[in-house]
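So in the numbering used here, spot 91 of the sequence shown is number 91, and the numbers just go up one at a time.
Think of the hints as simulated: they come from the structure by calculation, not from any bench. Predicted model, so just to flag it, every value in this text is computed and none were measured. Where is the CB? At the ideal position from N, CA and C, for every residue including glycine. You may find that some hints are simply not true.
Unchecked claim - Here are the simulated lysine-lysine pairs, BS3-like style, with alpha carbons at most 27 Å apart:
| no. | residue 1 | residue 2 |
| --- | --- | --- |
| 1 | Lys-144 | Lys-26 |
| 2 | Lys-12 | Lys-144 |
| 3 | Lys-26 | Lys-12 |
Said to hold, decoys possible - Simulated DEER-style distance windows between Cβ atoms:
| no. | residue 1 | residue 2 | range |
| --- | --- | --- | --- |
| 4 | Glu-16 | Gly-50 | 30 to 36 Å |
| 5 | Arg-73 | Arg-96 | 31 to 37 Å |
| 6 | Ser-53 | Pro-8 | 17 to 23 Å |
| 7 | Gly-50 | Arg-99 | 35 to 41 Å |
| 8 | Arg-94 | Arg-51 | 40 to 46 Å |
| 9 | Gly-112 | Arg-85 | 33 to 39 Å |
| 10 | Lys-26 | Thr-110 | 31 to 37 Å |
| 11 | Arg-94 | Gly-71 | 39 to 45 Å |
| 12 | Arg-19 | Leu-128 | 22 to 28 Å |
| 13 | Leu-124 | Gly-82 | 22 to 28 Å |
| 14 | Glu-63 | Arg-94 | 23 to 29 Å |
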Amino acid sequence: MGVIIHIPDVEKALSELARIVRPGGKRALYITNQAALDHKIEWLARRLLGRPSTRMERRAMGEGCWYEMNGERLWLWRINVGTLRRYLEAHGFRLRHHRIGEFTNIQRRTRGLLRSLLLRLNHLCFRLRFPPTHAAATLLVFEKAA
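Given these sequences and hints, build the entire structure.
This is how it looks when you write it as C-alpha cells:
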C-alpha cells in the first residue's frame, strides 16, 4: 500500500502490474493526489513563512521530487488521477472504485490537539465517503478486462 508513489519510473511499474494481472483480476493503488487541497495549503504556508518550496519535477504521470529521509533519498509522487486512469484504461483496466484515503496528511507534521482533530477529520471523511477529488490520498481499484 502506497508503494507506487515512491517509484520514479512509475509508468514502467504500472505496465508490469498490468502485465501480471490476470483478466478479471483487480489492482488497488493508494496514491498521493496531485489535486489535493494539502498541496495548496502547504504552498501558501511556505510563502507566508518565507520558506522555500520543494522543487517538484513535472512528469507525464504528475509531479514528484526527491526527499532526504534518514540519510537516504526517497522519491515521492503527486499523481494526476485522470492521467493514471487513462494510462491503466489503455492497458485494459477499468476503474471500479475511487475512495478517499485521507482528506489531509498535514497531521503527519503536527502534534497534540491539532493532530488529533485532523485524524478525526480524516476518519469522518472516510466514513462519510467524502468525494476524493481534493483529498491528499486516494484509493483506486482497477479491474482488468476479462
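Results of checking the hints against the structure:
no.	hint	result
1	Lys-144 x Lys-26	holds (6 Å)
2	Lys-12 x Lys-144	holds (17 Å)
3	Lys-26 x Lys-12	holds (18 Å)
4	Glu-16 x Gly-50: 30 to 36 Å	violated (43 Å)
5	Arg-73 x Arg-96: 31 to 37 Å	holds (34 Å)
6	Ser-53 x Pro-8: 17 to 23 Å	holds (20 Å)
7	Gly-50 x Arg-99: 35 to 41 Å	holds (37 Å)
8	Arg-94 x Arg-51: 40 to 46 Å	holds (42 Å)
9	Gly-112 x Arg-85: 33 to 39 Å	holds (38 Å)
10	Lys-26 x Thr-110: 31 to 37 Å	holds (35 Å)
11	Arg-94 x Gly-71: 39 to 45 Å	holds (42 Å)
12	Arg-19 x Leu-128: 22 to 28 Å	violated (37 Å)
13	Leu-124 x Gly-82: 22 to 28 Å	holds (26 Å)
14	Glu-63 x Arg-94: 23 to 29 Å	holds (26 Å)
Violated hints, listed in ascending order, are 4, 12; each of the other numbered hints is respected by the structure.
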